[in-house]
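2 protein chains.
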Amino acid sequence: MALKVVIVGGVAAGPKVASRIVRLCPEAQVTLFEMGEFLSYAGCGLPYYISGVVKEQKELMSTPVGVVRDPVFFQNVKNVKICNHTEVTAIDRQNKKVSARNLKDNTTCEVAYDKLVLATGASSFVPPIEGTKLQHVYTLHGVEDAEGIKASFKERSAQNVTIVGGGLIGIEMAEAFAEMGARVTVVEAMDQILTFLDWEMALQVVKHLNAKGVKVLTGTKVSALVGNGSVEKVITDKGEIPSEIAIIAVGVRPSSSLAKAAGLEVGKGGGIVVNDKMQTSDPDIFAAGDCVEMTNMVTGKPCYVPLGSTANKQGRVAADNICGSGRDRFPGVLGTAICKVFDFAVGATGLSEVRAKAEGYDVITVLTPAPDKAHFYPTAKTVMLKLVVDKATRRLLGMQGVGPGDADKRIDVAATAITAKMTVDDIANLDLAYAPPFAPAMDNIITAANIARNKLDGIFESVTPMEVKAMLDAGQDIFLLDVRTPDEYNAARIPGGVLIPLGKVRTSLDKIPHDKPVIAFCKISLRGYEAALILKANGYTNVKVMDGGVVMWPYGLEN
Amino acid sequence: MALKVVIVGGVAAGPKVASRIVRLCPEAQVTLFEMGEFLSYAGCGLPYYISGVVKEQKELMSTPVGVVRDPVFFQNVKNVKICNHTEVTAIDRQNKKVSARNLKDNTTCEVAYDKLVLATGASSFVPPIEGTKLQHVYTLHGVEDAEGIKASFKERSAQNVTIVGGGLIGIEMAEAFAEMGARVTVVEAMDQILTFLDWEMALQVVKHLNAKGVKVLTGTKVSALVGNGSVEKVITDKGEIPSEIAIIAVGVRPSSSLAKAAGLEVGKGGGIVVNDKMQTSDPDIFAAGDCVEMTNMVTGKPCYVPLGSTANKQGRVAADNICGSGRDRFPGVLGTAICKVFDFAVGATGLSEVRAKAEGYDVITVLTPAPDKAHFYPTAKTVMLKLVVDKATRRLLGMQGVGPGDADKRIDVAATAITAKMTVDDIANLDLAYAPPFAPAMDNIITAANIARNKLDGIFESVTPMEVKAMLDAGQDIFLLDVRTPDEYNAARIPGGVLIPLGKVRTSLDKIPHDKPVIAFCKISLRGYEAALILKANGYTNVKVMDGGVVMWPYGLEN
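Residue numbers (this note's numbering), protein chains in the order written: chain A, 792 to 1350; chain B, 792 to 1350.
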């Protein structure tokens, strides 16, 4: 008897499982149910379809050579039976069959399985506030939402768009609408956007959003959406925002009600619990993609980071354990995330500082802005890296990268290094590819790792810009030593800084007091570090370097 | 008594050692000797200075914020004494002092050391052929060469430039001259350029060079350069090439004569032998940079890969072991290399297939061309990856990347993974950063790792394009099944291929013979793989997939 496999869900993990199963086991009878019309589309591409960067809807559901992945394709090429517009309503685990209903003609059917795969995805969370059902209010869940948003934008000649929620999708949608010419406001209840970043890194993104005309209101709660049929404004605890379109992007929740109803184990966050074979608490039922709970590989604890990349990997593992070698294991995730924010790449992997501290790690951090290519190469652009390093083991726990330069490359190296449990000592000696058009001779991540080593070894004593700001605000008597050039100083400076260019520090010691804390910095604090060393060599005992320099100062500058 | 450190060589490793020593030990007396005028310049940037991509010489010797690293800078900022235009002529190990001669005024001096660091670099090899001393014949070693080449180009209104040697520097110089408008010919004695690549990957680079107007003659030996005072032509065993400028770029040799004369151990390739503290056979003498022999971390054997990135890392290790914690170790290199060739990134890390086989590894290889971003994202460009994987351990031994897409990112991930001794199974589940503007949902290296796993597990049987060509040339009776679309087929096809688009394979089995080997392929051989699986499921027993498809076919196509 041929193996009967039923798959519930046709967007990312589901089609991957189906394709892989028929490759491993060509005689398997594979049936895939999908509630919607569309199969195997790139949900992550929707913001780019809305903005017009991606021209055609079908590009999102085509193979790289342009073949549309529709039911006919799955039947002819893959020998997979597709039932779209069909909802699976119940799982009968005892008799190993599922019940389904066609949403178009309301017919029902039952299909038996040897192995069942749940790839039911996630759904957008809609907060319990008034007005979310007004016209031109959207979440961004599927292709239909994207089409609706595009149509609304035209129909309303929308000038004002409000995004409720400053997470990944919210920020990508902010960019999309700004590119389309709208006045965009992002409203976020928490005190920062993009919580995979630490606060000061997120603030760099806000600065860039502001520079591109996007308004960001953090610490602001939306209480209602109001309008007469169509949304007209968004009401917050800090005022009203006129809005012809509102996007609700406050997060997604795993779609696990079918699993729950069948008595499968579900985690606290609502994700289906699976082992590293992607097997649920019922050994004949597997689950993969946005509906499952994952394991964070740094903490070993459950987490929920729904991404198309993870769904694909999990789908392969599930298929392999259903009818392949049974050797493939899904090890978990690092919570790696990235998004394009206009000219910035914004990404992170592993633990943020806040998260690492909450997990009980004693960490040091590094803020390093540096060019992503040899600094003399004309296409070089800045990447701001933040490293989070465990003091006890010297291991890299997490890294964040923000800026116009190639942050994605460094994030991927960090993700690989964290997976391999590398220390900053290991990372500092990695043989990364060097030529001026691709990287500095000391790659950004190597420089950052070396600064981390200097800190761990006690030869680089630093304070963060936030600590300096707190000292200044508290009226603490510190000497803020700016060792940049006069030109740099005159262009923009940190309030309270005293200019003594690095080359003049040795001959200006009489101007630098011994009796108060000296905090040295420059543009990126490499010269600041040199200055601190000169002072220490000259008997100064209370000298620190401000991490990341003026570039990483997240507050206002004087000019 | 303050520690006395003498450093010989002021380009890359030397200044790094000096800077680090004064940071670790501010009271150290550091003296640095440099034969030339210039200090601490980016030798790897010279081709870009010649072509004008980098406008000013001083950019190559400035810090990222534009401060020129000259002797005054080193004295004022670093407290390092610089003696440039000064050659160290001998080392007296017994009395721990060096003798030096000023090349401008011929004065001599002796300087005592507690620790001596040799950072004498490398020199360009000039083959023993006639005419290398003609005017307008250059190697590219230092800033002076770059200035000479720029002057020659103007003075001769050079139309024809010949590059002798198809290594990294030769190819970078070919690009530079082509960008300047010259007709460029690269002459290489071996049967391929860029030997960090395997033959078929190097051929992809040659195709691109040809498309940009650069002529590449492999398997061609230069016998002489001729001219009347100035070079006029380059004579090869296959004809003469008119040349107003000739660049000799056949490799560099470690400058180790000073070390040899002092009785220090020197390796077969001429590099100074050092341990992982960068200590020579004399414990008070360290060496770093292009003058030392390195260890290949995959094979554990000595190698010689002179690069500015490595020099910087080694300099830090040497300094740390002279006066720091003494904990820093240099683990070796992977032979990572990269260069820009017009619109292509061309790189490699670890072992090539040829090298791995020579080392006795039983390997499988993968050729995967794929877009570097989500295929629907408009800036996506192709990267061709080649993986070399050890059959016994499933470990990645090496990777090569060529193409207009971001190969450098994947090379860096591979370098990190090889350092961590990752298997392709580990790599396939890496949590790399995914969003459409940065990567496909399954990153290129993950897809390549999955193909490698399929091959190791025997579920993807493949032949290389080179094997297919050999079968065709030998007149072997094979069925070459092209499963692309008719449009793709009509645009360009492999001679002998039979078109049956993938969607029609199941219904066209009568056209596909059972009695001879079937070799399926498409553009990149993903559809070719699907076709092979369909045939196997239908009783075909002799079916293989051609690796990399039409994109990786290194020979001519019909159209």
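If you are wondering where the hints come from, they were derived from the structure by calculation, not from laboratory data.
Positions of the beta carbon are idealized from the N, C-alpha and C atoms, including for glycine.
Treat the hints loosely; a few may be bogus.
Claimed, not checked - Think about it this way: if two alpha-carbon atoms lie no more than 25 Å apart in a straight line, the pair counts; the simulated DSS-like pairs of lysine-lysine are:
id, chain 1, residue 1, chain 2, residue 2
1, B, K849, A, K1172
2, B, K888, A, K1068
3, A, K1092, A, K1148
4, B, K1314, A, K846
5, A, K1212, A, K1260
6, B, K872, A, K1295
7, B, K941, B, K924
8, A, K1092, A, K1068
9, B, K1260, A, K1172
10, B, K1172, A, K849
11, A, K1182, A, K1068
12, B, K1260, B, K1212
13, B, K1172, A, K1327
14, A, K849, B, K1314
15, B, K1068, A, K1182
To be verified - Selected chain B positions facing chain A (Cβ under 8 Å, derived; list incomplete):
id, residue
16, P1093
17, K1200
18, N1241
Go through the numbered hints given earlier and state which of them the structure violates, listing their numbers in rising order. 2, 5, 9, 11, 12, 13, 16
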